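> As a plain string of letters, each chain reads:
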Amino acid sequence: MLTIKDLEARVDGKAILKGINLSIGAGEVHAIMGPNGSGKSTLANVLAGRDNYHVTAGSVSFLNNDLLGLAAHERAGKGLFLAFQYPIEIPGISNANFLKAAVNAQRKQQNQDEMDAMDFLSYIKEKMQQVEMPEDFLYRSLNEGFSGGEKKRNEVLQMLALQPKLAILDETDSGLDIDALQVVANGVNALRDGKRSFLIITHYQRLLDYIVPDYVHVLANGRIVKSGGRELALELEASGYAWIDNQKSST
Amino acid sequence: MSVIALPEKAQAHYEQQIALLAANTNLSVGWQQHSQQAWQNFLQLGFPTRRQESWRYLDLTAFLKQAFSLTPLASELSVSPSLDAQHFLVASYTIYCYNGQFLLDKTSKLPKGVAISSAINNSVTVYESLLAKNPLDQLNQASAIEGIDLKIADNAIIDKPIHIVYLSNETAAGKMLSLRSQWHIGKNSQASIMESFIGSGEVHYCQNISTSIQLATGARLIHYMLQQEGSLAFHFNQQVISQQQDSVYHGHTYSLGGSLLRNEKTVLLEGSGAHCELSGVYHSALREQVANHIRLQHEAAHTTSKTNYKGLADGQSKAIFNGSIYVKENAQKINAQLSNKNLLLSANAAVNTKPELEIYADDVQCAHGANVGQLDENALFFLQARGMAPTQARQMLIRAFAVDRLASITDPAIRQLIEAQIDARI
Numbered sequence: 001m002l003t004i005k006d007l008e009a010r011v012d013g014k015a016i017l018k019g020i021n022l023s024i025g026a027g028e029v030h031a032i033m034g035p036n037g038s039g040k041s042t043l044a045n046v047l048a049g050r051d052n053y054h055v056t057a058g059s060v061s062f063l064n065n066d067l068l069g070l071a072a073h074e075r076a077g078k079g080l081f082l083a084f085q086y087p088i089e090i091p092g093i094s095n096a097n098f099l100k101a102a103v104n105a106q107r108k109q110q111n112q113d114e115m116d117a118m119d120f121l122s123y124i125k126e127k128m129q130q131v132e133m134p135e136d137f138l139y140r141s142l143n144e145g146f147s148g149g150e151k152k153r154n155e156v157l158q159m160l161a162l163q164p165k166l167a168i169l170d171e172t173d174s175g176l177d178i179d180a181l182q183v184v185a186n187g188v189n190a191l192r193d194g195k196r197s198f199l200i201i202t203h204y205q206r207l208l209d210y211i212v213p214d215y216v217h218v219l220a221n222g223r224i225v226k227s228g229g230r231e232l233a234l235e236l237e238a239s240g241y242a243w244i245d246n247q248k249s250s251t
Numbered sequence: 001m002s003v004i005a006l007p008e009k010a011q012a013h014y015e016q017q018i019a020l021l022a023a024n025t026n027l028s029v030g031w032q033q034h035s036q037q038a039w040q041n042f043l044q045l046g047f048p049t050r051r052q053e054s055w056r057y058l059d060l061t062a063f064l065k066q067a068f069s070l071t072p073l074a075s076e077l078s079v080s081p082s083l084d085a086q087h088f089l090v091a092s093y094t095i096y097c098y099n100g101q102f103l104l105d106k107t108s109k110l111p112k113g114v115a116i117s118s119a120i121n122n123s124v125t126v127y128e129s130l131l132a133k134n135p136l137d138q139l140n141q142a143s144a145i146e147g148i149d150l151k152i153a154d155n156a157i158i159d160k161p162i163h164i165v166y167l168s169n170e171t172a173a174g175k176m177l178s179l180r181s182q183w184h185i186g187k188n189s190q191a192s193i194m195e196s197f198i199g200s201g202e203v204h205y206c207q208n209i210s211t212s213i214q215l216a217t218g219a220r221l222i223h224y225m226l227q228q229e230g231s232l233a234f235h236f237n238q239q240v241i242s243q244q245q246d247s248v249y250h251g252h253t254y255s256l257g258g259s260l261l262r263n264e265k266t267v268l269l270e271g272s273g274a275h276c277e278l279s280g281v282y283h284s285a286l287r288e289q290v291a292n293h294i295r296l297q298h299e300a301a302h303t304t305s306k307t308n309y310k311g312l313a314d315g316q317s318k319a320i321f322n323g324s325i326y327v328k329e330n331a332q333k334i335n336a337q338l339s340n341k342n343l344l345l346s347a348n349a350a351v352n353t354k355p356e357l358e359i360y361a362d363d364v365q366c367a368h369g370a371n372v373g374q375l376d377e378n379a380l381f382f383l384q385a386r387g388m389a390p391t392q393a394r395q396m397l398i399r400a401f402a403v404d405r406l407a408s409i410t411d412p413a414i415r416q417l418i419e420a421q422i423d424a425r426i
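Protein chains in written order, with the numbering used here: chain Y, 1 to 251; chain C, 1 to 426.
Certain hints may be false.
[To be verified] Okay, the calculated beta carbon distance ranges per label pair:
1) Pro390(C) to Gln129(Y): 29 to 35 Å
2) Asn36(Y) to Asp59(C): 53 to 59 Å
3) Ala67(C) to Arg107(Y): 54 to 60 Å
4) Gly149(Y) to Lys109(C): 53 to 59 Å
5) Tyr204(Y) to Pro390(C): 34 to 40 Å
6) Tyr210(Y) to Pro390(C): 52 to 58 Å
7) Asn348(C) to Thr56(Y): 34 to 40 Å
8) Arg107(Y) to Leu110(C): 47 to 53 Å
9) Asn52(Y) to Asp84(C): 45 to 51 Å
10) Gly145(Y) to Gly373(C): 17 to 23 Å
11) Gln416(C) to Glu135(Y): 17 to 23 Å
12) Asn52(Y) to Pro7(C): 47 to 53 Å
13) Pro390(C) to Gln130(Y): 28 to 34 Å
14) Lys333(C) to Tyr204(Y): 49 to 55 Å
[Stated by the list, open to error] Here chain Y is said to cover these stretches of chain C; the calculated rule only asks that three of the stretch's residues, wherever they fall, bring their Cβ under 8 Å from a Cβ of chain Y:
15) 370–379
16) 385–395
Please keep in mind that the hints were generated in silico from the structure rather than gathered at the bench. All of these numbers come straight from a predicted model, not from anything done at the bench. C-beta atoms are modelled at their ideal positions from N, C-alpha and C, and glycine is treated no differently.
Given only the sequences and the hints, what does the whole structure look like? Please build it.
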């Protein structure tokens, strides 16, 4: 599904990613954990194709495409989805129009017929039930006046609507109460079908109680310093990230 | 050989036109006196120059060069104007003004509580002296031989919008169409009035309109204005709105086309409890110029106003916004807010925006803000990360910026109409 090789990236001239190697197979759920400033969100943004993140070395292959050679919207069209850490508010675009435009933009890229308004409405209403969102959210401006939890639910709704092949969740759990966390987790779990893959970026292991990962990686100072199974997350929960600094100072 | 400056040349031209008009029209003595006085005022003022603050950013050269004719068109009462479907409000009372002439006999049957008559030769033509310093208004008064008196009776609640449609086409080529009207919204009455200015044809004409709007105690008026003049047209629009106690005025202005549009809107909050909300969207493209000058004059205590205009400037166009809030001495407990946001869509477009406060009372809450910006990079990336190509993402954000202002339109048919016109334009 996704193969990252020796990826290095800079933001504002500063080296943030310093050689990432990661391979995600179809149907796998990977979690990336790490302290603040380790490069977690940079990795997510580089993969999604954000402008001011400059890749300086390495390669990324996504479903046999050279991911780094594609524009952001083309990556989305190939089935890559990024759930934003800070979803954007856009007054003047209704949630319904935005969702429909997104779904149809991707269908167009995939040479599928665009959905008409009627079909789309019944399609999206079903997805909204999954994330327990009342229907009136369709007619409100995109994320405008939404609470933190509602914005994250809306991200999950977009994921459900777009049915990506690989979903990257960038600290989707930050600022969520336990109920909202469960809704987010249910959304992800509903999409786990043995083919779809997930990359879950999180600071805390809490979310991983609900979305059980196959692999856990620890990112520190722009590199993956440790990989393991689910138990690694629990280990981190118990011991914190201090050991990374110890390891660094000993090398 | 001495060179005569353009404003003086234009002035000499209009002096001839005024004389011609006076000789060929048969107006009441009262109206003629008003006109003559206004012309004297105009002569003292002269055409505006860039040295005057409120005209500083507008380029009037093309307008002054036109030397428009003030004589009215030959009577065209046989014409039955029709509106294309996209501009037609099905549920409304429609009044037509065709190439500068009101066709009152073509007006739809008006409901009880609405009376319309020609303002010409009407003795009640008392206009505010507030515009005495605006040369275009003085020129309007000196040359207007058309206008309506629109009266909403006390306590009347008008069920449907009154739609005044100003249509101009090739026939108006070379003409200055001066209209001078007044509306009186009676005590505790409620009405909504929409004005659509629709121009077609690639011809130079000039609409010069002055309207006095009076809201009596407890009156509520929603006033929409859609400006879609011809691509070579000039449009000067002066409005003075006076509000008595507990009256509510909502003014919506959508400036969506014309070579030069200039709106000067003055609201006098004269009675305690009066409330005013002004909302607007303007879009300038190519070499168009659009200017909105707004003045909220809080004359009485316990008056409130809220102004929010958004502008889009594309091509080599120029957009001007000037919003001023004035609070009179001892007019306490005032709440006034004013906001103007602009998007620059091209490196060659220009926006000049200026909020002004003039406050002579101390128990006052006033907030104002104005900015000029570009599309939000984060929002652009968000839409692209959902699969939209850069051009589509950009288009969506531009549209959202403007359409956001339409949320305050309570009439769904009017909202749809305006939304469709904005879509057609951007």
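> So, for every hint listed, does it hold in this structure?
Checked hints:
1. Pro390(C) to Gln129(Y): 29 to 35 Å: 33 Å, holds
2. Asn36(Y) to Asp59(C): 53 to 59 Å: Given range 53 to 59 Å: holds, Cβ gap about 54 Å.
3. Ala67(C) to Arg107(Y): 54 to 60 Å: 57 Å, holds
4. Gly149(Y) to Lys109(C): 53 to 59 Å: 55 Å, holds
5. Tyr204(Y) to Pro390(C): 34 to 40 Å: 35 Å, holds
6. Tyr210(Y) to Pro390(C): 52 to 58 Å: Once the Cβ atoms are compared, 36 Å apart, the range 52 to 58 Å for Pro390(C) and Tyr210(Y) is violated.
7. Asn348(C) to Thr56(Y): 34 to 40 Å: The hinted range 34 to 40 Å holds for Asn348(C) and Thr56(Y), with Cβ atoms some 35 Å apart.
8. Arg107(Y) to Leu110(C): 47 to 53 Å: 51 Å, holds
9. Asn52(Y) to Asp84(C): 45 to 51 Å: 46 Å, holds
10. Gly145(Y) to Gly373(C): 17 to 23 Å: 21 Å, holds
11. Gln416(C) to Glu135(Y): 17 to 23 Å: For Gln416(C) and Glu135(Y) the Cβ distance comes to about 22 Å; the hint holds.
12. Asn52(Y) to Pro7(C): 47 to 53 Å: 51 Å, holds
13. Pro390(C) to Gln130(Y): 28 to 34 Å: 31 Å, holds
14. Lys333(C) to Tyr204(Y): 49 to 55 Å: 50 Å, holds
15. 370–379: holds (count 4)
16. 385–395: holds (count 8)
Against the hints set out earlier in the document, a violation occurs for number 6 only.
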